[in-house]
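**Q** Generate the whole structure from the sequences, applying the supplied hints.
For the sequence shown, position 141 matches number 146 in our numbering, and the numbering has no gaps at all.
Hints were generated in silico from the structure; no laboratory data involved.
Any given hint might turn out to be false.
Said to hold, decoys possible - Listed below are the simulated SDA-like cross-link pairs for lysine to any residue, each with C-alpha atoms no more than 25 angstroms apart in a straight line:
1. 81 / 218
2. 81 / 198
3. 81 / 224
4. 81 / 209
5. 81 / 203
6. 81 / 229
7. 81 / 8
8. 81 / 216
9. 81 / 126
10. 81 / 225
11. 81 / 220
12. 81 / 197
13. 81 / 125
14. 81 / 200
15. 81 / 208
16. 81 / 228
17. 81 / 9
18. 81 / 199
19. 81 / 119
20. 81 / 221
21. 81 / 118
22. 81 / 201
23. 81 / 95
24. 81 / 230
25. 81 / 231
26. 81 / 217
Claimed, not checked - Simulated DEER-style distance windows between Cβ atoms:
27. 27 / 229: 39 to 47 angstroms
28. 208 / 101: 20 to 28 angstroms
29. 12 / 77: 18 to 26 angstroms
30. 134 / 224: 34 to 42 angstroms
31. 61 / 208: 36 to 44 angstroms
The model shown is predicted, which means the values in this text are computed figures rather than measured ones.
Virtual Cβ for every residue (Gly too), placed ideally from N, Cα, C.
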Amino acid sequence: MRSALRRHRQIAELTQHDLAQAAGMAQSTLAHIERGTRVPSLPVVQRLFAALGLQLPLTVEPLDADVDAAITRLAKTPLDERLDEAGIPAICASLAEAGLRYVVEGPAAAALQGAPVPVDAMDMAMLWADADRFTAWLGQWWARRWDRNWGEFGFQAVDPRIDGPHDWQLVNLGEVRLRARMCDALPASLSVRHAEREYRVVPLAEVEAGDPRAGDLLRRYRERSRVAQSPP
6 MRSALRRHRQ IAELTQHDLA QAAGMAQSTL AHIERGTRVP SLPVVQRLFA
56 ALGLQLPLTV EPLDADVDAA ITRLAKTPLD ERLDEAGIPA ICASLAEAGL
106 RYVVEGPAAA ALQGAPVPVD AMDMAMLWAD ADRFTAWLGQ WWARRWDRNW
156 GEFGFQAVDP RIDGPHDWQL VNLGEVRLRA RMCDALPASL SVRHAEREYR
206 VVPLAEVEAG DPRAGDLLRR YRERSRVAQS PP
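**A** This is the structure:
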């Protein structure tokens, strides 16, 4: 719901402030809803979509139907296509050229290990010791940083040492999204190869523990795989 709300708001070319005002609520409330840190009531959801000139239908479906549909769709989508859409190969190639050390985390790490999960951004662990070079690298790609107050990307200080989300949109790299977890030491990782490139990624168990949506898909994927492999 929150991703659909954000997508339709952006299609309508409205800021969070515009939509919140049209729906008669505070912009901070809408920001919490879009981030998933607040679960709105059904009337509030209907009011927001109504302000966009839309209505939200209420239907029922079998348990896990949405997860199964996502797995089926993603399993049919070539991995190259999913990775390219999120800019993963381009980002990793540029980071390597800049000599920056990192480990791929989140859904991108799961996808690189063959799991059919959606990849909407490059999640990675990055060293605080490389903050200067990382800041210069972000500037090279004309990065815009996520603004908590407005609930959108804006041109503000990109240095990860300055207070703010470690979440950027790389404008000069096709507006792909990069989220960094700054740390003193990189997490344990394993090496995977795809399209003649080597990637350092966290194990699937770490992805499952740290990303609820990816975790749901991974657990359901394993369950479906076990059923398919079971003898009749």
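**Q** Now look at each hint and say whether the structure bears it out.
**A** Here is what the structure says about each hint:
no. : hint                          : in the structure
1   : 81 / 218                      : 19 angstroms, holds
2   : 81 / 198                      : 20 angstroms, holds
3   : 81 / 224                      : 18 angstroms, holds
4   : 81 / 209                      : 20 angstroms, holds
5   : 81 / 203                      : 23 angstroms, holds
6   : 81 / 229                      : 15 angstroms, holds
7   : 81 / 8                        : 22 angstroms, holds
8   : 81 / 216                      : 22 angstroms, holds
9   : 81 / 126                      : 20 angstroms, holds
10  : 81 / 225                      : 16 angstroms, holds
11  : 81 / 220                      : 19 angstroms, holds
12  : 81 / 197                      : 21 angstroms, holds
13  : 81 / 125                      : 17 angstroms, holds
14  : 81 / 200                      : 18 angstroms, holds
15  : 81 / 208                      : 23 angstroms, holds
16  : 81 / 228                      : 18 angstroms, holds
17  : 81 / 9                        : 22 angstroms, holds
18  : 81 / 199                      : 17 angstroms, holds
19  : 81 / 119                      : 12 angstroms, holds
20  : 81 / 221                      : 18 angstroms, holds
21  : 81 / 118                      : 16 angstroms, holds
22  : 81 / 201                      : 22 angstroms, holds
23  : 81 / 95                       : 23 angstroms, holds
24  : 81 / 230                      : 15 angstroms, holds
25  : 81 / 231                      : 19 angstroms, holds
26  : 81 / 217                      : 22 angstroms, holds
27  : 27 / 229: 39 to 47 angstroms  : 42 angstroms, holds
28  : 208 / 101: 20 to 28 angstroms : 21 angstroms, holds
29  : 12 / 77: 18 to 26 angstroms   : 21 angstroms, holds
30  : 134 / 224: 34 to 42 angstroms : 36 angstroms, holds
31  : 61 / 208: 36 to 44 angstroms  : 38 angstroms, holds
When held up to the earlier numbered hints, the structure conflicts with none and fits them all.
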